[in-house]
Amino acid sequence: AVTGALAGLTVNDSLTRARSQFLPLLQQKYAFWLPAQFIQFAFVSPEWQITYLCSAGLVWTMILSSFGSSCVSSESEIKAHTE
1 AVTGALAGLT VNDSLTRARS QFLPLLQQKY AFWLPAQFIQ FAFVSPEWQI
51 TYLCSAGLVW TMILSSFGSS CVSSESEIKA HTE
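Under the numbering used here, the first residue of the sequence shown carries the number 1, and numbering increases by one thereafter.
Calculated directly from the structure, the hints in this document are not laboratory data.
Don't take each hint at face value.
Across the chosen pairs, the derived CB separations fall in these ranges [unchecked claim]:
hint, residue 1, residue 2, range
1, Phe22, Leu58, 21 to 27 Å
2, Leu15, Met62, 23 to 29 Å
3, Ala42, Met62, 22 to 28 Å
4, Val11, Phe67, 19 to 25 Å
5, Gln49, Gly8, 17 to 23 Å
6, Ser45, Val11, 46 to 52 Å
For lysine to any residue, the following SDA-like pairs were computed, each having C-alpha atoms within a straight-line distance of at most 20 Å [said to hold, decoys possible]:
hint, residue 1, residue 2
7, Lys29, Tyr52
8, Lys29, Gly68
9, Lys29, Asn12
10, Lys29, Leu64
11, Lys29, Thr61
12, Lys29, Asp13
13, Lys29, Leu6
14, Lys29, Ser65
Each residue gets a CB set at the ideal place from its N, CA and C atoms; glycine is no exception.
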C-alpha cells in the first residue's frame, strides 16, 4: 500500500497491482534465493558468508527495483492511453 501510494495509486489500484504481481515475484524470489542459499552453504566459507549474503541482497534489491519501476511505468502508460 505504501509503494502504491508513493506511485500515485489508489488503494484499489494498489491491491490489484499486489494481487497481479504476487506470484511472479514469488517465483523470482525462489529462483534467486534458493540457488543463492545453496551456493552459500555449499561453497562459501563461513567467514565470507555475511559478505556473500549482503552482495546477494544488493542484487535482489536491484531486481525488485527494476521490477517495480517497470510496473509503475506500464501502469502510467495504461492510464495515459485510457484518458
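Okay, the hints, checked on the actual structure:
1. Phe22 / Leu58: 21 to 27 Å: holds, 23 Å
2. Leu15 / Met62: 23 to 29 Å: holds, 26 Å
3. Ala42 / Met62: 22 to 28 Å: holds, 24 Å
4. Val11 / Phe67: 19 to 25 Å: At 21 Å between Cβs, range holds.
5. Gln49 / Gly8: 17 to 23 Å: violated, 40 Å
6. Ser45 / Val11: 46 to 52 Å: holds, 48 Å
7. Lys29 / Tyr52: holds, 17 Å
8. Lys29 / Gly68: Within the cut-off at roughly 14 Å; holds.
9. Lys29 / Asn12: Given that 20 Å is the threshold and the Cα spacing comes to 25 Å, the pair is violated.
10. Lys29 / Leu64: holds, 9 Å
11. Lys29 / Thr61: Judged against 20 Å, a Cα distance of about 11 Å means the pair holds.
12. Lys29 / Asp13: violated, 23 Å
13. Lys29 / Leu6: violated, 23 Å
14. Lys29 / Ser65: OK: Lys29 and Ser65 at ~13 Å, within 20 Å.
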